[in-house]
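Q: Once you've looked at the hints, go ahead and assemble the two chains, each given alone in its own frame, into the complex.
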Amino acid sequence: MSWFHRLLNTFRPGRVQRDIDREISFHLAERADQLRSEGVDPEEARRRARLRFGNPVVQRERIRDVDVARVVDATMRNARYAIRTLARTPGFTVTVVLTLALGIGANTAVFSAIDTVLLRPLPFPDGDRLVELTEVHEGSAETRIAPVRLQDWNRLNVTFDGIAGHYVDDVVDTSGELPERFRRAFVTRGFFDVLRVQPAMGRGFVESEHSVKGPIAMIISNRRWRSLGADPQIVGRAVKIPYGSLITVGVMSGDFQFPARDVDLWSADDADATWAQSRTLTWLTGIGRLQPGVTLAQAEADLNRVQNSLAAQYPATDRNIRVRVTPLKDTVVGSTRSSLWLLFGSVSVLLLIACTNIAALLLSRATRREQEISIRYSLGGSRTTVICQLLTEAAVLAVTGAATGLVVALAATRALRSLAPELPRVSEIGIDGRILFYTMATTVAVALLCGLVPALRGAPGVRPLRSSAPSSLQKRHSIQWLLVGVQVALSVTLLAGAGLLLRSVEALSRVDLGFDASHVLTLHVSGSYGWETTDMAVQRINRLIDAVGTLPGVESVAITSTLPGVRDQQQLEFNLAEGRSEAAPRMHAETRVVSPAYFQTLRIPLLAGELCRRPEDAGGNTGVVTEALVNRRFVDLYLLDRDAIGLHLSGALDGLAKNGHLSGNVPPSRIVGIVGDARETGADRAPAPTVYTCFSAPDPAPWHLMRTSGDPLAMAETIRRKIHDVEPQRSVYDAAPLEGRMSGAYAQNRLRTWLLTLFALTALALVCAGVYGTLSYAVSLRRREVALRLALGALRRSVVHQLMTMSIRIVGTASAVGLLLALLFTQSLSTMLYGVTPTDPATLTGVMFLVVAVAFIAAFIPAASATFVQPMRALREE
Amino acid sequence: MSTSRNDILQGTLTLLVLKTLASNKRMHGYAITTHVQRASADLLRVEEGSLYPALHRMEQQGWLKSEWGLTEKNREARFYSLTAHGRKQLALEEESWARFTEGVGRVLRYV
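If you read the sequences in order, they're chains A and B.
The opening position of the first sequence corresponds to residue 0 in numbering that gives the first Met the number 0, with each subsequent residue numbered one higher.
The opening position of the second sequence corresponds to residue 0 in numbering that gives the first Met the number 0, with each subsequent residue numbered one higher.
Wrong hints could be hidden among the right ones.
[Claimed, not checked] The calculated lysine to aspartate or glutamate pairs, modelled on EDC-like cross-linking and capped at a C-alpha distance of 16 angstroms, are: (1) B:LYS18 - B:GLU92; (2) A:LYS721 - A:GLU572; (3) B:LYS18 - B:GLU93; (4) B:LYS72 - A:ASP32; (5) A:LYS212 - A:ASP271; (6) B:LYS64 - A:ASP18.
[Claimed, not checked] Away from chain A, derived, C-beta distances all over 10 angstroms, residues of chain B: (7) THR19; (8) TYR29; (9) ALA97; (10) LEU107.
By construction, these hints were calculated from the structure, which means they are not laboratory data.
Think of the CB as a built atom: it goes at the ideal place given N, C-alpha and C, for glycine as much as any other residue.
With the rest of the complex left out, here is chain B (with noise of 0.2 angstroms):
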C-alpha cells in the first residue's frame, strides 16, 4: 500500500514543494516534510531519500533560491524560498495536475 503511496508521491513532489512554499515563506527541509504530512492528514508522507534532491534540483533549475539561516532553536538550517519562476511553474503544474485527475476520474466513471 505504502508503496503505491510514494511512486505516485514521486511524480508529484515538485508540485506539493512548490505549493508548500507558496504558501510559506521561508521554509526548511524538515518543515516542508511536516507541512505536507499535516496538511494531507496524514495521507502522504515524503519519501525523504528523494527530497533533498528534489529540493536541489528545483533550485538548479531556477524555481527556488536557498539561503543559509537559524531556526528558532538556533539551529542552522537551509531555507528555500519560491522564485517568480517557480511561481510561474507552479501554476502549470497545477494545471496538469489538474487535467490528470479529470482523466484518471473519467476512466475511473466509466462504466
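With the rest of the complex left out, here is chain A (with noise of 0.2 angstroms):
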C-alpha cells in the first residue's frame, strides 16, 4: 500500500475497519482451535486467545494506524471534534466569526475601492503622461482656455505630443415625439489621439467636421447606442437638433467615460466659427499628452514661456496669464482621495480591533481550558497531538470566519458601488485577490497564534496541576487586560472622528445657501431656434409666465439659463464702459439670465438698488438688454472702489451673440443692483461671483422655476396642463424638483459620513463584546471567592463593586489613552470638518463618555451576574 492508497483508505473507514477485524477475529479463531485441540474447554480457549493477542481495542488502533494517512486522518477527526467543542459555547463561536467576517470583509472592501480609485492608473494607454490643462488670471477665480488660445499653445510647445480641449453641455433632441435632453461633449482636433483611444464602431472626427461650414457629425456613447436598440447600422444615421441634424459617424466603447461619466455623444466643435476665434470667451478645459520623458514642471515651463510670447504678442487679452499643468488622474479622483484615505485609516483601525477582540475571546477561552489540556498532558497525550487538536480547532474558527467575510466582502463591495455612483470609476470596483489574500492572512494568522496559546501554557513542567484557581488573577491576565485596554482606546479614536463628521455635516445642512431650493419645479418647455425670432420667443414665454403664475398654489415663476446649485459652464469676461485701473484685476464673473421674478422665487434678498425690470417693460426695444444685477461677491472683488450701481458692464451678452440669438450691436447694461450670494457648488465653497442679465429669453428653451406652495411634484400635473392650455403645441419635458437636482453635491459627505458612522458602531458593539467576554470569564473565575463572601455576609453590592475595580481602571486608562490618540487622528480631518475644529472638546468628551459608559454597562452584567450564584453551590462545584 502506497501513500496513495493509505490516503484512500482514509475516505474508506468502514472498509478499513471490516478488513481488520475480519483479519483479527480469524487470527483469534484460529488461536482458540489450537488450544481446543490441546484439550481446553470452548470458552476458556476463547479467553486465553484474546488474552494472548491483547487488548483488541488497541491492536485495532495500531492496524489501523498503519493503514491510513495518519495526518490527514487525524485531521479530519480533530476536525469533527472541534466543531463540536465549537457548537457547545455558541455565543463564543459566532461572536469570533462574526469579528473574523467583519474584519475581512470591511477590509476587503474598502481596500480595493481606494486601490481601483485610486491607485490604478487611468483606464488610457500610458494614461499617467496624460494631464489637464487650466488658465490662471491675476487675481482672478477663472481657469477655462479659450480656443484660439489652446490651439497657439498646442502649435508652439516642445514638450507635448499633442494639446486638445473638451466642454460640456446639454442639447435637446426634438426627432422623437418628447423632446429630449442629452449631455454633449465638444471636442477639439485631436482629441481622440491624445488619449489615444478610438471608437469601438466608425470612425473618429475628420478635418472637415471640425468647421462650421462642415456637416455636424457626432460619436454616440456605448450607453446611448444601446438605448437607441444597438443597431450595428447606426453609422451614418441622423439625429435632429434644434439647429440641423448630427450624423452619427462612430460609437465608443462601454468602458469609455471622459470628460464625464454621464456624456452621451461628442461632437467636434467648429474651429473656424467666429465666437471661436475670441480671446475672451473661455469655455474649454484643456487636456494634453506629455511627450516621453518630460517631467510636469518642464511641461508648465515650457507652456508658460509659450504664453509669454502670446501675451507679447497680444497685450490687450493674454497677459497675466499663467499656465497650470495638473495630472489627469488628479482631477479625475479629485477631493474623493482624502475621503477614501480617511476609510482606509478608520477601516485599518477596525481591524485592530478586530484582530484584538479576537486574540482576547481566544486567550479567554484559553486560560478556561488549561486544566483539561493539562490533565491531558499528565495522562501521557503528546505534545503534538494536543497542538495539533488545538490548531484545528482555531483552524475550523479561522475557515469559518475566512467564507463569512468573504461573502460579506462581495455584499459590502456591491453596497459601495450603489451607495456612491457618482464616486469616479466607481464601476471598476470589485474584489481584489491580493487584498483579500492579506487581510485573511492577518487575521487568520491572529486567530491561529492566539489558538495555540492553551498548548503552550498548559505544557508539562510548565505549570503545576491547581484545581481552583489562584487568586492573583489580574497580573496572569494582564495580556487580556491590556487587549480589552487597546480595544477601548482605538474605539474612542474612531468615534471622536466619526463624531466630527457628523457634526460637520450637521453643520453643513445648516449653512445658508443663499437661496431656498424647496418647494421649487423646474421644467423645460420645448422650443427651438430657427422656429421664431427672439421678440417672438420673448413674447411667447412672457405669456407663459404670467399664464402659469396665475395658479393657485404657484407662489412665482422664473426663468433662468442655467439652474441655481449648477456652475456655469460659461465664465465671462467683463469690462466696463466708466473704465478700470490698468492693474485691476480681469472682470471674470459667471453669468446668468434671468428674469426678474427669479430672485424671488429662489428667495435670493435683494441687498442695494432695486431689481431689474424686463426690457419690454423698461421702456426699451424687446430684445435689447438694458438691466443686470450683481452679486455681494462680485462686488467684493472687482467693484470695491467705487459705487457699483449706475456702472455699466460689457461683454455680457457675447455669450448670446455666439449662437447667433442676436445680432447687431450689443449696448452695454446697467447695474440696478446688488443681491446676495447663492452658494452654487456647495456649502463650503465660496461664491463665484455672478452677474444676473434680465431677460426672458436666453435661448429659446430656458429652465422655467416655480415656486410652489405645497409639494411641487404634486403641482406639476396641472402646471402641465396649464401650459398646454397656452401653448398646445409645444411639450413639456424633464420635470423635477430642484432640491432633487442638487443632492449630487453632498452624496460624498453623505457616504463617507455613513460609512464612517458604521464602522465606529461596529468598533463599539466589538468593544462591548471584547470587554464583556474577558470580564465574565475573570468573574467566573473567582466564583468560589464570591460565594464564600456572599455566604459570609458580604453585600452585594460591596461584592460587584470590588469585582469591578479592575475593570474601571483599564477602561479608564484606556479612554483617556484613546483621547490622546483622538487628538493625534483628528488633525488629519481638519480638511473636511465644517464648523467643528478637530480638538471639539464637547465632541471628545461625548465620545469618551459614550465608550466609557458601554463598556462599564459590559462589565457591570457578568459581575452583577456572579453575585446572584447560589453560594453553596458554586462553593460544591469545585
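A: Here you go:
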C-alpha cells in the first residue's frame, strides 16, 4: 500500500475497519482452535486467545494507524471534535466568526475600492502621461481656456505630443415624440488622439467636421447606442436637433467615460466659428499628452514660455495669464482622494480592533481550558497531538470566519457601488485578490496564534496542576486586559472621528446657501432656434410666465439660463464702460440670464438698489437688454472702490451672440442692484462672482422655475396642463424638483459620514463583546471567592464593586489614551470638517463618555450576575 | 526472561517474516506465528500485538502483497506473499543480521 492507498483509506474508514476485524477474528479463531485441540474447553480457549492477542481496541488502532494516512485522518477527527466543542459554546463561536468576517469583509471591500479608484492608472494607454491644463488669471477665479489660445499652445509647445480641449453642455433632441435632453461633449481636433482611444464602431472626426461649414458629426456613447436599440448599422444615421441634424459617425466602447460619466455623445467643435476666434471667451478644459521623459515641471515651464510670448503678441488679452498643468488622474479622482484615505485609516483601525477582539476572546477561552489540557498532558498525551487539536480548532474558526468574510466583502462591494455612484471609476470596483489574501492572512494568523496559546501554556512542566483558580488573577491575565484596553482606546479614536464628521455634516446642512431650493419645480418647455425670432420668443415666454403665475398654489414663476446649484459652464469676462485702472484684475464672472422673478422664486435677497426690469417693461425695445444685477461677491472682488449701482457692463451678451440669437451691436447693460450670494456648488466653497442679466429668452427653451406652496411634484400635472392650454403645440419635459438635482454635491459627504459611523458603531460593538467576554471569564474564575464572601454575609453591592475595580481602572486608562490618540488622528481630518475644530471638546467628551458607559455596562452585567449565584452550589462545584 | 526475548524479537520480526514467506509461498498471519514457533523449536514466540501492524507496514513498503482467500477449513483469511522487492530486502536484512551477530559475538568472546 502506497501513500496513495493510505490516503484513499482515510476516506473509506468502514472498509478498513471491516478488513481489520476479519483478520483479527480469523487469528483469534485459529488460536482458539489450537487451544481446544490441546484439551482446553471452548470458553477458556477463546479467553486465552484473546488475552494472548492483546487488547483488541488497542490492536485495531495500531493496525489502523498503519493503514491510513495518519495526518489527514487525525485532522479530520480533530476537525469533527473541534466543531462539536465549538458548537457547545455558541456565543463565543458566533462572536469570533462575526468578528473575523467583519474584519476581513469590510477591509477587503474598502481597500479594493481605494486601490481601484486611487491607485490604478487611468484606463488610457500610458495614462500617466495625460495632464489637464488650465488658465490662471491674476486675481481672478477663472480657469477655462479660450479655443484660439489652446490652439496656439498646441502649435507652439515643444514638450507635448498633443493638446486638445473639451466642453460639456446639454443638447435637446427633438426628433422623437417628446424632446429629450442629452449631455454632449464638444471636443477639439486631436482629442481622441491625445487620449489614444478610438471608437469601437465607426471612426473619429475628420478635419471637415471641425468646421462651421462642414457636416455636424457626432460619436455616441455605448450606453446611448444600446438605449437606441444597439443597431449595428447606426453609423451614418442622423438625429434632429434644434439647429440641424447630427450624423452618427461612430460609437464609443462602454468603458470610455471621459470627460464625464454621463456624456451621451461627442461632437466636433467648430474651430473656425466666429465666436471661437475670441481671446476673451473662455470655455474649454484642456488636456494634453506629455512626450516621453518630460516632467510636469518642464511641461508647465514650456507652456508658460509660450503664453508669455503670446502676451507680447496680444497685450490686451493675454497679459497676466499663467498656465497650470496637473496630472489628469488627480482631476478625475479629485477630492475623493482624502475621503478614501480616511476610510482606509478607519478600516485599518477596525481591523486592529477586530484582531485584538479575537485575540482576547481566544485567550480567555484558552485559560479556561488550561486545566483540561494539563490533565491530558499528565495522562500521557503527546504534545504534538494536543497542539494539532488546538490548531484544528482555531483553524475551523478561521476558515468559517474567512468564508463569511468573503460573503461580507462581496456584499459590501456591491453596497459601495450602489451607495456611491458618483465616485469616479466606481464601476471598476471589485474585489482584489491580493487584498483579500492580505486581510485573510492577517486575521487567520491572529486566530491561529491565539488558538495555540493554551497548548503552550499548559505544557508539562510549565505549571503544576491545580484544581482551584489562583487569586493572583489580575497579573496572569494582563495580556487580556491589555487587549481590552487597546480596543477601548481605538474605539474612542474612531468614534471621535465619526462624531466630528457627523457634526460637520449637520453644520453644513444649516449653512445658508443663499437661496432656498425647497418647493421649487423645474422644467423645460420645448422650443428651438429658427422657429421664431427673439421678439416672438420673448413674448411667448412672458405670456407663459404670466399664465402659470395665475394658478393657485404657484407663488412665483421665473426663467433662467442655467439652474442654480449647477456651476455655469461658461465664465465671461466683463468690461466696465466707465473704465478701470490697468492694474485691476480681470473681471471674470458667471453669467446667468434670468427673469426678474428669479430672485423672488429662489428667495435670494436684494441687498441694494432695485430689481432689474425686463426690457419690455423698462420701455426699451424687446431684445435689447439694459438692466443687470450683480452679487455681493462680484462687488467685493472687483468694485470695492466705487458704487456699483449705475455702472455699465459690457461683454455680458457675447454668449448669446455666440449662438446667433442676437445680432447687431449690443449696448452695455446697467447695474441696477446688488443681490445676495448664492452658493451654487456647495456650502463649503466661496460663492462665485455672478452677473444676472434680465431677459426672458436667453435661449428658446430655458429653465422654468416655479415656487409652489405645497409639494412641487404634486403641482407638476396642473402646471403641465396649464402650459398646454397656453401653448398646445409645445411639450413640457424634464420636470423635477430643484432639490433633487442638487443633492449630488452632498452625496460624497454623506457616504463618507455614513461609512465612518458604521465603522464606529461596529467598533463599539466589538469593544462591548471584548470587555464582556474578558470580564465574564475573569469573574467566573472567582466564583468560589464570591460565593464564600456572600455566604459570610458580604453585601452584594460591595462584592460587585470589588469585582469591577479592575475593569473600571482599565477602561478609564484606556479611554484617556484613546483621547490622546484621537487628538492626533482628528488633525488629519481638519480639511474635511466644517463648523467644528478637530479638538472640539464637546464631541470628544461626549465620545469618551459613551465608550466608558458602554464598557461599564459590559463589565457590570457579568459582575452582577455572578453575585446571584447560589453560594452553596458554587462552593460545592470545586 | 520473556521480556528480553521479545525485545530482540521486535527488532528482528521483519527478518523472520520475510524469511518465513521466502520458504512458503502464501501464508496468513496465524500460520506465520506457528511457523516461527516451530522453526525455532519453541525458542521464539511472535509478539502477537506487533505482528499485524508489522505485516501491514511491510505491505505498504512494497515487500509483501496480500489477498483474501479461504483456508482448508473454509475460513476467510488474508494471505501474504513475498514480492521481488521483499526478496531483495530479505537479502539485506540477512546480511545485516550476520554482521550484528558477528559483532556481538566478538564482544562476548573478548577477554
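Q: Enumerate the violated hints, using their earlier numbering and listing them in ascending order.
A: Failing hints, ascending: 2, 8.
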